[in-house]
Amino acid sequence: MNKKKSVLKRIRTNERNRISNRSYKQMIKTTTKAFLIAANKKDINDSNNLKELNILLNNAYSKIDKAVKKNVIHSNNAARKKALLHKQLIN
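Offset between the sequence shown (1-based) and our numbering: plus 187.
Rather than coming from a laboratory, the hints here were simulated on the basis of the structure. Owing to the predicted nature of the structure, the values given are computational and were not obtained by experimental measurement. Take the hints with a grain of salt, since some may be wrong.
Restraint-style ranges between C-beta atoms, simulated for each label pair [unchecked claim]:
hint, residue 1, residue 2, range
1, S193, A221, 39 to 45 Å
2, K212, K192, 36 to 42 Å
3, S234, N278, 32 to 38 Å
4, L271, R203, 43 to 49 Å
5, T217, N278, 20 to 26 Å
6, N264, K192, 31 to 37 Å
7, K238, A266, 36 to 42 Å
8, K191, K229, 29 to 35 Å
9, N189, N278, 49 to 55 Å
Straight-line alpha carbon distances no greater than 25 Å define the calculated PhoX-like cross-link-like pairs of lysine-lysine that follow [claimed, not checked]:
hint, residue 1, residue 2
10, K253, K216
11, K257, K196
12, K269, K253
13, K238, K269
14, K228, K257
Idealized CB from N, CA, C, for every residue including glycine.
Take these sequences, add in the hints, and give me the full structure.
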(Lines of atoms letter the chains of each structure in order from A and count residues from 1; the text may use other names and numbers.)
(Lines give C-alpha, C1' and ligand atoms only; values in the text may rest on other atoms or scores of the structure.)
Protein backbone atom coordinates (compact mmCIF):
# COMPACT_ATOMS: atom_id res chain seq x y z
CA MET A 1 0.00 0.00 0.00
CA ASN A 2 1.14 3.52 -0.74
CA LYS A 3 2.48 5.50 2.23
CA LYS A 4 2.05 8.99 0.81
CA LYS A 5 0.47 11.50 3.16
CA SER A 6 -2.21 12.43 0.66
CA VAL A 7 -3.21 8.79 0.17
CA LEU A 8 -3.45 8.18 3.90
CA LYS A 9 -5.50 11.33 4.32
CA ARG A 10 -7.90 10.27 1.54
CA ILE A 11 -8.33 6.89 3.24
CA ARG A 12 -9.25 8.60 6.51
CA THR A 13 -11.59 11.02 4.74
CA ASN A 14 -13.31 8.28 2.77
CA GLU A 15 -13.87 6.23 5.93
CA ARG A 16 -15.34 9.23 7.75
CA ASN A 17 -17.66 10.00 4.83
CA ARG A 18 -18.70 6.35 4.49
CA ILE A 19 -19.80 6.24 8.12
CA SER A 20 -21.70 9.52 7.76
CA ASN A 21 -23.40 8.38 4.55
CA ARG A 22 -24.45 5.10 6.14
CA SER A 23 -26.15 6.96 8.98
CA TYR A 24 -28.10 9.13 6.51
CA LYS A 25 -29.15 6.08 4.50
CA GLN A 26 -30.21 4.28 7.67
CA MET A 27 -32.34 7.26 8.74
CA ILE A 28 -34.05 7.20 5.34
CA LYS A 29 -34.77 3.47 5.65
CA THR A 30 -36.12 3.85 9.20
CA THR A 31 -38.47 6.73 8.44
CA THR A 32 -39.64 5.13 5.18
CA LYS A 33 -40.38 1.85 6.92
CA ALA A 34 -42.29 3.62 9.71
CA PHE A 35 -44.43 5.40 7.12
CA LEU A 36 -45.08 2.25 5.08
CA ILE A 37 -46.14 0.29 8.16
CA ALA A 38 -48.52 3.09 9.18
CA ALA A 39 -49.84 3.41 5.62
CA ASN A 40 -50.70 -0.29 5.47
CA LYS A 41 -52.77 0.05 8.66
CA LYS A 42 -54.49 3.28 7.63
CA ASP A 43 -58.18 3.97 8.12
CA ILE A 44 -59.39 6.62 5.67
CA ASN A 45 -62.24 7.79 7.90
CA ASP A 46 -59.99 8.42 10.89
CA SER A 47 -58.66 12.00 10.73
CA ASN A 48 -56.09 11.36 13.49
CA ASN A 49 -54.60 8.56 11.43
CA LEU A 50 -54.35 10.83 8.39
CA LYS A 51 -52.59 13.49 10.48
CA GLU A 52 -50.16 10.87 11.73
CA LEU A 53 -49.52 9.69 8.16
CA ASN A 54 -48.86 13.25 7.01
CA ILE A 55 -46.39 13.78 9.86
CA LEU A 56 -44.57 10.56 9.01
CA LEU A 57 -44.57 11.44 5.31
CA ASN A 58 -43.14 14.91 5.97
CA ASN A 59 -40.49 13.39 8.22
CA ALA A 60 -39.48 10.92 5.51
CA TYR A 61 -39.41 13.66 2.87
CA SER A 62 -37.23 15.77 5.15
CA LYS A 63 -34.69 12.98 5.68
CA ILE A 64 -34.56 12.23 1.95
CA ASP A 65 -34.06 15.90 1.08
CA LYS A 66 -31.28 16.26 3.64
CA ALA A 67 -29.49 13.26 2.16
CA VAL A 68 -29.70 14.84 -1.30
CA LYS A 69 -28.38 18.12 0.07
CA LYS A 70 -25.37 16.30 1.56
CA ASN A 71 -24.81 14.37 -1.72
CA VAL A 72 -25.45 11.02 -0.05
CA ILE A 73 -28.02 9.98 -2.65
CA HIS A 74 -28.74 11.26 -6.15
CA SER A 75 -31.68 13.58 -6.70
CA ASN A 76 -33.32 11.10 -9.10
CA ASN A 77 -33.06 8.38 -6.45
CA ALA A 78 -34.71 10.74 -3.96
CA ALA A 79 -37.50 11.56 -6.40
CA ARG A 80 -38.16 7.85 -6.92
CA LYS A 81 -38.31 7.22 -3.16
CA LYS A 82 -40.65 10.16 -2.61
CA ALA A 83 -42.93 9.05 -5.45
CA LEU A 84 -43.15 5.57 -3.93
CA LEU A 85 -44.14 7.06 -0.57
CA HIS A 86 -46.76 9.33 -2.14
CA LYS A 87 -48.20 6.43 -4.11
CA GLN A 88 -48.61 4.47 -0.87
CA LEU A 89 -50.43 7.42 0.70
CA ILE A 90 -53.03 7.76 -2.04
CA ASN A 91 -53.67 4.01 -2.44
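Do the hints match the structure? See the list:
{"no.": "1", "hint": "S193 with A221: 39 to 45 Å", "verdict": "holds, 42 Å"}
{"no.": "2", "hint": "K212 with K192: 36 to 42 Å", "verdict": "violated, 30 Å"}
{"no.": "3", "hint": "S234 with N278: 32 to 38 Å", "verdict": "violated, 19 Å"}
{"no.": "4", "hint": "L271 with R203: 43 to 49 Å", "verdict": "violated, 30 Å"}
{"no.": "5", "hint": "T217 with N278: 20 to 26 Å", "verdict": "holds, 22 Å"}
{"no.": "6", "hint": "N264 with K192: 31 to 37 Å", "verdict": "holds, 34 Å"}
{"no.": "7", "hint": "K238 with A266: 36 to 42 Å", "verdict": "violated, 25 Å"}
{"no.": "8", "hint": "K191 with K229: 29 to 35 Å", "verdict": "violated, 56 Å"}
{"no.": "9", "hint": "N189 with N278: 49 to 55 Å", "verdict": "holds, 53 Å"}
{"no.": "10", "hint": "K253 with K216", "verdict": "holds, 13 Å"}
{"no.": "11", "hint": "K257 with K196", "verdict": "holds, 21 Å"}
{"no.": "12", "hint": "K269 with K253", "verdict": "holds, 13 Å"}
{"no.": "13", "hint": "K238 with K269", "verdict": "holds, 18 Å"}
{"no.": "14", "hint": "K228 with K257", "verdict": "violated, 33 Å"}
When the structure is compared with the earlier hints, violations turn up for hints 2, 3, 4, 7, 8 and 14 and for no others.
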